[in-house]
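Protein chains in written order, with this note's numbering: chain W, 9 to 309; chain P, 372 to 659; chain R, 576 to 1346.
Honestly, I wouldn't trust all of these hints.
To be verified - Taking beta-carbon pairs under 7 Å as the criterion, some of the chain W residues facing chain P (in silico):
#1 R71
#2 A130
#3 L133
#4 E205
Everything labelled a hint here was simulated from the structure, so no lab data went into it.
C-beta atoms are modelled at their ideal positions from N, C-alpha and C, and glycine is treated no differently.
Here are the chains, one letter per residue:
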Amino acid sequence: MSPSRKRRVKKTAVRRAGFHRNGRRKAAGLLFLLPGFAGIAVFYLIPFGDVVRRSFVQASGGRFCGADNYRTVFGNTAFQLAAKNTARFVLVCLPLLLLFSLLLALLVNGLGNKLKTVCKSAFLLPMAIPAASVVLLWRLMFDLHGFVNGLLALAGIAPVDWMNTGAAFAVLVFSYIWKNLGYTIVLWLAGLASVPESVYEAAQIDGAGRAACFFKITLPLMKPMIFTIVVLSLLNSFKVFREAYLVSGNYPQEDIYLLQHLFNNWFLDLSVDKMAAGSVLLALVIGGFVWILQRSWEEEG
Amino acid sequence: MRSMNMAKRAGKLLAVLVLAAFAVLTVAPLFFLACGSLMGNGELNEYLGPFVLRTDGFAVWRLFPLYPTFRNAVRLFFDSPEFFHMFWNTMAITGGILGGQFLFGLPAAWGLARYPVPGRKVFYMLCIVLMMLPFQVTMLSEYLVLDRLGLLDSLWSIILPGAFSTFSVFVMYRFFCGIPEDFLEAARIDGAGELRIFFVIGLPLGASGILSALVLQFLECFSMIEQPLVFLQTKSLLPLSLYLPEVRAERMGFALCCSFVALLPPVLVFGMGQQYLEQGITAGAIKE
Amino acid sequence: MKKPKKLAALLLCACMAVTGLTGCSGKDEAANGDAPGADGTEGGAKDAAGDGGDAAGNAKGRFIETELALPEAVSTLIGVRMCDDGSIVMLGYDENRASLYRECSKDQGESWEEASVDYGDGSYSQAAVNPADGSAALLGYFQSNAEAYIGLAAPDGSVKKLAITNMPAYEGGSGDDDTNMIVSAGYAGGKLFLVDLNGRIYEVDTEGGTVSEVSQSLGADVFGVIPLKDTVALLTKSGVRLMDAADGTLLSEDTVLTDALGVMVNGNDSAIFGVMLTMGESTEEIYFVNHDGIFYHKQGGSTTEQLANGELMSVGDTSTAFRDLMRFDDEHFLVFSVDSLGNERCYGYAYDKDAPVVPEKQLSVYALEDSQILQQAVSMFRKQNQDVFVKKTIGMSGDDSVTAEDAIKTLNTQIMAGNGPDVLVLDGLPADSYMEKGILCDIADIVADADSADGLFTNITDAYKKDGAAYQVPLRFYCTVAEKDDGIGQVGGAPEKLAETVKALKDGDAPVFYAQCAEMLLYTLYDVYSASWKSEAGIDEQALRSTLEAAKTLYELDGYEEKEREPHSYYGDVWGLYQNQTLYGTVDTGSSERIIGRAKLSLGTLSSVHFVQDLYGIENAKPGSFELLCGEGQKTFVPLVCMGLTEAAKDNELAKDFLRAALSAEGQAQMTYGFSVNRKAYAAECENGKEYSIGGSGPDGIQFGYEVKKLSGEQKQALTEMLESLETPIWNDRVVMDLVIGEGAGYLRGEKSLEDAVGAIVQKVRLYVSE
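Throw the hints in and build the complete structure from the sequences for me.
Set out below in structure tokens:
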């Protein structure tokens, strides 16, 4: 047979096979997904659906009341305070963490391999310490008679009542950064390492300085990494509630009163309708934020 | 020339110092707990007296115990069955959750990453949002679901939701995305079925991503506080994370010892899994 | 890098292995040693109830309780025992302790034959009956060891005094008072054993009158003796040990039994205990009764079997103590106990094989913390309704580290899930929220019924009415008073006035108050002033500040040191926080100090008729008076055990009956704390007030004594008027109380400044109210 005819036959065969393949692949994908999805549906989607439903009905009796709960929540001063604090916390510590860890990552990058590993291990350590132990340490450090004040006294500075004044916010930020520093540094390091040397060399040939290299090449190439870092850091920022709750209870100092405290207290009060409405609002905000990040930074899904 | 070299070296030295300072900051607590466990009550009271007794002055610390004693460790290992009982609970929970994630979350992440599943983008977004919601949000509803399923007040109420956690799906997904499609295509052309591809290519190539997700989950399991508080009632089911011995004068050394022992497994696991952790997180996040 | 990793991995595996092993075995222990069979049985052992005894298996067969009347003449038992021939011999005094009677029953307690005992000039507090012949050894107090004696009462009523010639000295005495005392005694194996104040056990030679120590290996740890046929159960601080009566050897330690018996509370006169044992057919079979029920244990076995569930029995009331347990056969038991008011009771338990294991009708009652008041309400209802299973759930049972919030979260989820309780005790719970959310149902009609039946203190119950509907009603209440030396004028009023007046009393070094701890003082002032702090935005800062300042003045007035102050948790861990610890910050604690001249003024709660009698007694001995302490114009009271019915139980007749019973005079009769909200019960308490004398010595050996008498007509009138004048409840909110007491205590002790304390309280309460 002539070569062209052979090729033509092969092409059609391939196209038809490809069509089937797609369908089969879809099915295969679904099969892989199904058990996990079922579990997620039962333990996460359904409860969340229930929460959404509750945000539109009254707490007990279940009478439909439209957007009443949302209106109440918006006007609620405690909610406003908690939302403000939570937002403030995220807006302060996220950039702080990113910057800090980036700087330290740059420093670590310049070290030899052995030192690098030692550093990474040391920094990653706090992540492994469970919340209960952290609380113990926290108490010992930041109490009025604790270590930090002792150190300050040595330097002649008056003791600060950490947990009972606005300084509590600083303690919270410090705790968050301390815990997540290593994690983030490792991510940065990997991101830095992923940019091939060739790109830098090419840029240097073109006469670009180190700063320009950094801002125009490194950062843009690390966008997907930055997305991951931001998402994970945001997730961890919500976890800070645990330590705050264990140390200061339900009504901590005003500046560290977060949304979770509020939801917790609403639950104790049986105000489940307000809690549901507040939760839905929170979910919407988080969802919106992540969507924006995804749109602008992710190349593909 | 020489001045530039010196400047470079000075810069490097400075860098090392700064890093060392931070390293000390991060390692110090571990060290503190370790030392504290070895201290007798008398010595501890001397140092931490002002903190416990609310008197004037401040708590101080000595770098090494002056009179090391194993009394706390002895008390912990031989005299506190509740501690180990709770430890066992935590291990059971951790094992259950990790197993479940391996069985369910892993294939789900694979399916999501490599196959044109309809609505996968939406699902992906959903995963992220669900993962980020604080526990309080769904606490009541989850309780009702668990109640309906009859799982309350048993370890399953903690294990099952954890096994289907979307966090691991997220981490593993991002990693699976990074595997080049060519590998799979080649295998398909060779006639391999999807399941075979998963086992022969997906798992090995994705090993570090999977391990990193599991390691992260392991660490998380040792910190779980909210779920056990709400879903478990029988005292004998409580996990270790809820064992917060009160820092009182007589129990100080014991409290420190408990905290130290409680964090050993996570730290050890972390130590073992660290390289996978790094590989997994980083490789998964970088787009090729 | 590989070696450290391997090491780490090995270490981890070792760790897990170790904990796995210890954890596993720990788990078994925990399952075993836990609640003594209250959650059912572990099979094994003898099926004591014959047919269908296993609670898990069959659905039929349980012990039915009947209360048996005790002989009329006897008011206080000093000893009771079943004899070898099946008859029961009892010895007891009449009401005035004038005559001692010997009662004998040959029909398992249904009827009694009486004989009086001529006990000569002895005064006896306990009797140990000899099962062999029905004679008894009577124990009494003696003035000195040389005069030590026991009375031997023969079955015909004659008493022979047996002098004990070698009574050992009491080793723990202060000074040169070494008079010993016989703490407990019992006949076993034909011998008489006794335990003295030193904690040692002796055998008595009833012929010669000498005692010889037995079983020295136990040391000096024994505080009670319970005779079983041929063995003796020795109650020691570390548990129960069985001793062979014949030769004094100790049987091997039975840890299962010790664990199951749990804490044994020693009664006042050491003849009553928190648990009671008796023997079965053979030495190895032990039966015991405690608040969880009646149990069987075979020595050497690994479990105890529950025969009767304490939740269905009157003995489940934890404020009762036991005198004796008798077993006639597998289906008949008799329990002698003493209730919370000190009355002797006798309950017979007969096995009914057709009765369901758990009564079909069920009622669930929930309280955050347990209290004697709730226990009485439950006991009374159970007695009257034997076919109803009253499930009492306590949120914070005390021994766990369950916080109030955890308990409330659990309760809330259950309510939302539809599994809520029928009856709620609202102390410590967010009652206002529950009312708003419609969780509670309207009980105004039940309250009105109780009012028309017995009369209620409507000033108290009406305070909880909202637009004609009532959602909760306090079962008891109390108020705060100031008791002062004669000559001191009115003390109460606004906080500033209180502080001023009190400061003016300070004259030289003489103390004005006794050394109270910060929390107690704050609770007292909270009870007086908290109602005036309520404001729209949270808490009235100025009012709070002046109260805290007044507290500081009072606290520092006499310059007591921190370690001198009485700890507030002395009673706290018995009754918990939200039953309001001021119940024990009773005014007579301070008044007792006043009577010995160590205080001029005492502030505290006037918490029951009994305490009022006490106060008048003190004032007789040392002239003084007491006044109601209130803020400017607001007379506050503290509610105790506010009960409500859940909306889910709206149509539940049982729940309504429970509330009715709790409010009735009969139901309130056994409650000992607070003033009854039911007028009839209150009148009865005044009528039945016990009379006695109190004597004691303070530090430095100051002696004091006073007589407590029933309230006279005038006194009763004055008290009633005072109680009727109360108007507002305190700000009964757990969160606010915690905050004020917590921060305030810090301020009083000098740990923080007034500004900080007030600032923190105001800010947090504002946050709380705005949620």
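Taking the hints in turn, this is what the structure says about them:
no.: 1; hint: R71; verdict: 18 Å, violated
no.: 2; hint: A130; verdict: 4 Å, holds
no.: 3; hint: L133; verdict: 5 Å, holds
no.: 4; hint: E205; verdict: 15 Å, violated
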